[in-house]
Amino acid sequence: MSTPTTSFGREAAAAISRSKNEPAWLVASREEAGQLATEINLPKPEKLPLTRWTLDQYGTNRPGQNVSSISDLPAVITALLPEQSGGALIVQHNSSVVFTQLSEELKAQGVILTSLEDAARNHEELFRKYFMTDYAKEEHKLAAVHAALWNGGVFLYVPRNVVIDAPIQALLFADDAEATFMPHVLVVAETNSRFSFVEQVASNLGETSATLLHNSAVEVFAKAGSFVQYAAVHQLDASAIDISYRRAVLDNDARIEWIIGDLHNGNSITDTKSVLKGNGSTSDSKIISIGTGSQRMSLTTQAVHFGRSTESDMITRAVMKEEATAIINGITKIEKGATKANGQQTEKVLMLSPKARGDANPILLIDEDDVKAGHAASVGQVNADQVYYLMSRGISRKEAERLIIHGFLDPVVSEIPLEGLREQLHRILERKLG
Amino acid sequence: MSTQFEIQGLKSSIEGKEILKGIDLQIKGGEVHAIMGPNGTGKSTLASALMGHPKYEVTDGSVTLNGEDVLEMGVDERARAGLFLAMQYPSEITGVTNADFLRSAINARRGEGNEISLIKFVRQMEGKMKELEMNPEFMHRYLNEGFSGGEKKRNEILQMMLLEPKLVILDEIDSGLDIDALRIVAEGVNAMRSEDRGFLIITHYQRLLNYITPDFVHVMMQGRIVKSGGPELAHRLEAEGYDWVKEELGIVDETVGQA
Ligand SMILES: Nc1ncnc2c1ncn2[C@@H]1O[C@H](COP(=O)(O)OP(=O)(O)O)[C@@H](O)[C@H]1O
Ligand SMILES: [Mg+2]
Numbered sequence: 008m009s010t011p012t013t014s015f016g017r018e019a020a021a022a023i024s025r026s027k028n029e030p031a032w033l034v035a036s037r038e039e040a041g042q043l044a045t046e047i048n049l050p051k052p053e054k055l056p057l058t059r060w061t062l063d064q065y066g067t068n069r070p071g072q073n074v075s076s077i078s079d080l081p082a083v084i085t086a087l088l089p090e091q092s093g094g095a096l097i098v099q100h101n102s103s104v105v106f107t108q109l110s111e112e113l114k115a116q117g118v119i120l121t122s123l124e125d126a127a128r129n130h131e132e133l134f135r136k137y138f139m140t141d142y143a144k145e146e147h148k149l150a151a152v153h154a155a156l157w158n159g160g161v162f163l164y165v166p167r168n169v170v171i172d173a174p175i176q177a178l179l180f181a182d183d184a185e186a187t188f189m190p191h192v193l194v195v196a197e198t199n200s201r202f203s204f205v206e207q208v209a210s211n212l213g214e215t216s217a218t219l220l221h222n223s224a225v226e227v228f229a230k231a232g233s234f235v236q237y238a239a240v241h242q243l244d245a246s247a248i249d250i251s252y253r254r255a256v257l258d259n260d261a262r263i264e265w266i267i268g269d270l271h272n273g274n275s276i277t278d279t280k281s282v283l284k285g286n287g288s289t290s291d292s293k294i295i296s297i298g299t300g301s302q303r304m305s306l307t308t309q310a311v312h313f314g315r316s317t318e319s320d321m322i323t324r325a326v327m328k329e330e331a332t333a334i335i336n337g338i339t340k341i342e343k344g345a346t347k348a349n350g351q352q353t354e355k356v357l358m359l360s361p362k363a364r365g366d367a368n369p370i371l372l373i374d375e376d377d378v379k380a381g382h383a384a385s386v387g388q389v390n391a392d393q394v395y396y397l398m399s400r401g402i403s404r405k406e407a408e409r410l411i412i413h414g415f416l417d418p419v420v421s422e423i424p425l426e427g428l429r430e431q432l433h434r435i436l437e438r439k440l441g
Numbered sequence: 056m057s058t059q060f061e062i063q064g065l066k067s068s069i070e071g072k073e074i075l076k077g078i079d080l081q082i083k084g085g086e087v088h089a090i091m092g093p094n095g096t097g098k099s100t101l102a103s104a105l106m107g108h109p110k111y112e113v114t115d116g117s118v119t120l121n122g123e124d125v126l127e128m129g130v131d132e133r134a135r136a137g138l139f140l141a142m143q144y145p146s147e148i149t150g151v152t153n154a155d156f157l158r159s160a161i162n163a164r165r166g167e168g169n170e171i172s173l174i175k176f177v178r179q180m181e182g183k184m185k186e187l188e189m190n191p192e193f194m195h196r197y198l199n200e201g202f203s204g205g206e207k208k209r210n211e212i213l214q215m216m217l218l219e220p221k222l223v224i225l226d227e228i229d230s231g232l233d234i235d236a237l238r239i240v241a242e243g244v245n246a247m248r249s250e251d252r253g254f255l256i257i258t259h260y261q262r263l264l265n266y267i268t269p270d271f272v273h274v275m276m277q278g279r280i281v282k283s284g285g286p287e288l289a290h291r292l293e294a295e296g297y298d299w300v301k302e303e304l305g306i307v308d309e310t311v312g313q314a
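Those protein sequence lines, which keep their order, are chains A and B. If you're matching positions, the first sequence starts at 8 in the numbering used here and goes up one per residue. If you're matching positions, the second sequence starts at 56 in the numbering used here and goes up one per residue.
Here chain A stands alone, though its shape is the one from the complex:
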C-alpha cells in the first residue's frame, strides 16, 4: 500500500492524471494547477487561522468498486440513500464514481448525468466551457489543489425547457481516510429548465490517524429563465476536513435556491456564492449548521449583483455547542449599474454553551444608489420567554428547549426537497443536538 502523498505539485498532479489515461489537455490543465498550488497561498477566512489545519494531505488514488445496480453497492452506502427508487442517482465512493443511474426518458430528453471524469472524456466541449470558470484555480491554494486533483465528480446537463420533477441525487461517500476525495459537481441548467439536485456528502472512516481532506467544489450555471434548487447535506467524520466552495452564475431571470446543511463534525470552510449576472435573476440561500466538540468552522454566504432588478436573500442559522467555533460571514455586493437590486441577509446564532463561539459578520458592499439592501444578525441563547411560554402549556423544560432549538433550524430543514433526506436530516440533528 502506498502512503498518502505529502509532497505535491506539478509532477504529482500529472502522474495521477496520466495513470487514469486522461486526455492530454486535461493532464496539462492539472499540471498547470499543480504548479500554481505550490506558488499561491491558502485562503484567509475571516477570524479563523488555518495554521493548525492539516491541509497539506492529498491522499492517494483509491477508486471504489464499480457496480451496475444499487443493490451491489456496499451496505454503508445504501444505508445512506434516502430513496431507493429508480430516480436519477450518482454515487462516488472514495476517489471515483461507482454508480450512475438515469432513466431512459430523461436520457431521451438530452439530460446528461455522468461522473465529471467521464464528462471530460465524452463531453469535452461542455466541460471546457464551464469547468472552473467561476471557481477559479487562482483564487487560492485550495482551489488550485482542487483543480489539480479533483476526482470522480458529477456532471449534470439539463437541456433547454426540460423540467425534471423528481430530485436528482448525488451521494459522495468516503470510508478510506487515505483516499484522495475531491469531487467537483458541475451543473449546467439550460434556458428555462427546472430541477432539484440533492447532494449528500458523508464518510465512515472509523479509527484513523490520517486526515481525510474533502476539498470539493460546486459550480452551477443557470441560463436564462432556469430554476435550480440545490440542496446539500454534509456529515463527515470529525477527523475529516470539509472544504466546500459552491458557486452559481445566473443569467437573465434565472433562479437558484441553495438549501444547505453544513453539518460536518470536524473543521470546515464552506463558501456559498451566487453571481447574479443577468437582469431579474434571483438567489435564495438557506444554510444551517451545528457546531459540536472543538470543531472550527468558517461559513460564508455571498451574493454579487451585476444585473438590474436582481434579488438575493441569504439566511444562515447555526447552533453552537460545547467548545465549537463558527465564524459566519455574509457578503452582499451590489455592483455599479445593478439598479433596483435588492440584497438581504440574516445570520442567527444560537449559543448553547458558554465556551462555544459564534461570530456573525454581515458585510454590505454597495456601489449603486438605486438599490435596497439589508442585514440582520443576532447571537443569543435560548429565549427564556419562549421556554416559559411552552412550559406554561405543560411542556417540560427539556422538551421546550428541544422544540425551540430544532425549530431554530426548521426553516431550512423543511425546505429539503426530498422527504427521505429530510428524515435523515432530522436524525442527524437529533444526534448532533442530543
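Worth flagging that the hints you see were computed from the coordinates, not collected in a lab. Check the hints yourself; a few may be wrong.
In silico lysine-lysine, DSSO-like type, Cα no more than 30 Å apart, as pairs [said to hold, decoys possible]:
1. B:K175 / A:K405
2. A:K405 / B:K207
3. B:K183 / A:K405
Selected chain B positions facing chain A (Cβ under 10 Å, derived; list incomplete) [stated by the list, open to error]:
4. D131
5. R135
6. F139
7. E147
8. G150
9. R164
10. Q214
Yeah, the Cβ is synthetic: ideal placement off N, Cα and C, and Gly gets one too.
Once you have looked at the hints, place chain B with the ligands on chain A.
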C-alpha cells in the same frame, strides 16, 4: 371534586420592586371572576406570578389548587395540574408549528405511553379551530409567528379549549380584537364554562364582560384588590370610570412600581 383555587396574602416582586402587596382571592369551579383596573396596577403581574414566570419572585403568601401547593411547582407542573394562562403577549416561536406545539402540550399532560393518536389530535384541533373561525392553515404555521394581535388571542383560546384546564386565567384576551373576534372568543370561553372549571378574567375594559357575564368583579389598584362586587360593579366602572373608586378610597396614583 369541584375545583377550588385559593390565593392568600400573595406578594410578588420584580427586580426587587414589590408589585403585588397581598392578594386574597378564592375561585370555585363554575365561577367567573373578573379583575379590572387601569394600566400598571399589577394585573398581569398577578397572572405571571400565578403561572410561575421566573422573573416574578413570590415573597409571601400561598396559592393552592385543590389543596395542592401551586407555588412549590415548576411552570410546567402548574400547567399539568390544571392552570392555564392566556397571555397578554404570547411568544412567537420560529420553526415550531402550532400543531406540533399543541400535540406536545397535550401529550405532556397525558404522559408517556398514553400519547394521543395523530388522527384524533388533528380532528380535535380542526374542530376547535372551526369553532373559533380560524383559517385551517394556522395549524401548520409557526407558533404565533406573523399572527396578527387578534389571531394570537384566538390561538390562546384554541390552546385553552384543547388543554381543558381547571383554572383559566385570561390576561387582556380582549385587547386587539374587533367586535366579531371578541364575540367568537367569548363564545369559546362560554362554551368552556363548567362546574369544575374556574375563570379569572383580567381586563381593563368592561366590553368583554358584556359577552361573558362574571359572577364576581374585583378592582385592582396599587397591587391590591381594593374593591369587589357583582356584575353591577363592572357596569358602574363602564359608565363612570375609575375616578370614583379612587376618590372613595383616597387613592391618588393607582399604579404600582413606577417610581
Ligand atoms: N417585566 C417587567 N419588568 C419590570 N417591571 C415590570 C415588569 N412587569 C411589570 N412591571 C412593573 O409592574 C407594574 C405593574 O405592571 P403590570 O402587572 O403589567 O400591570 P397591568 O397588567 O395592570 O397593566 C408596572 O408598573 C411595572 O412597573
Ligand atoms: Mg397587563
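A closest beta-carbon separation below 10 Å is what the hint needs, so does Q214 of chain B meet it against chain A? Holds: closest Cβ of chain A sits about 6 Å from Q214 of chain B, inside 10 Å.
Is the hint on F139 of chain B kept, meaning its closest Cβ partner in chain A is under 10 Å away?
8 Å, holds
_For K175 of chain B and K405 of chain A, compute the direct alpha-carbon distance and say whether it is at most 30 Å._
26 Å, holds
Check: Is it true that the CA of K183 of chain B sits at most 30 Å from the CA of K405 of chain A?
Finding: Roughly 28 Å between the alpha carbons, so the hint for K183 of chain B and K405 of chain A holds.
Chain A contact restraint for D131 of chain B - C-beta distance below 10 Å: Status holds, d = 4 Å.
Are R135 of chain B and chain A close enough, Cβ to Cβ, to be under 10 Å, as the hint says? Holds - the Cβ of R135 of chain B comes within 10 Å of chain A, reaching about 5 Å at its closest.
Q. CA of K405 of chain A to CA of K207 of chain B, is that 30 Å or under?
A. 25 Å, holds
Margin query: Under 10 Å is the threshold here; is the Cβ of R164 of chain B close enough to any Cβ of chain A for the hint to stand?
Written below: Where the cut-off is 10 Å and the nearest Cβ of chain A is about 5 Å from R164 of chain B, the hint holds.
| Does the nearest C-beta of chain A fall within a distance shorter than 10 Å of the C-beta of G150 of chain B? | 3 Å, holds
With chain A as the partner, please determine if E147 of chain B meets the hint condition of a C-beta pair closer than 10 Å. With a minimum Cβ separation of about 8 Å from chain A (threshold 10 Å), the hint on E147 of chain B holds.
Of the numbered hints given earlier, the model fails none.
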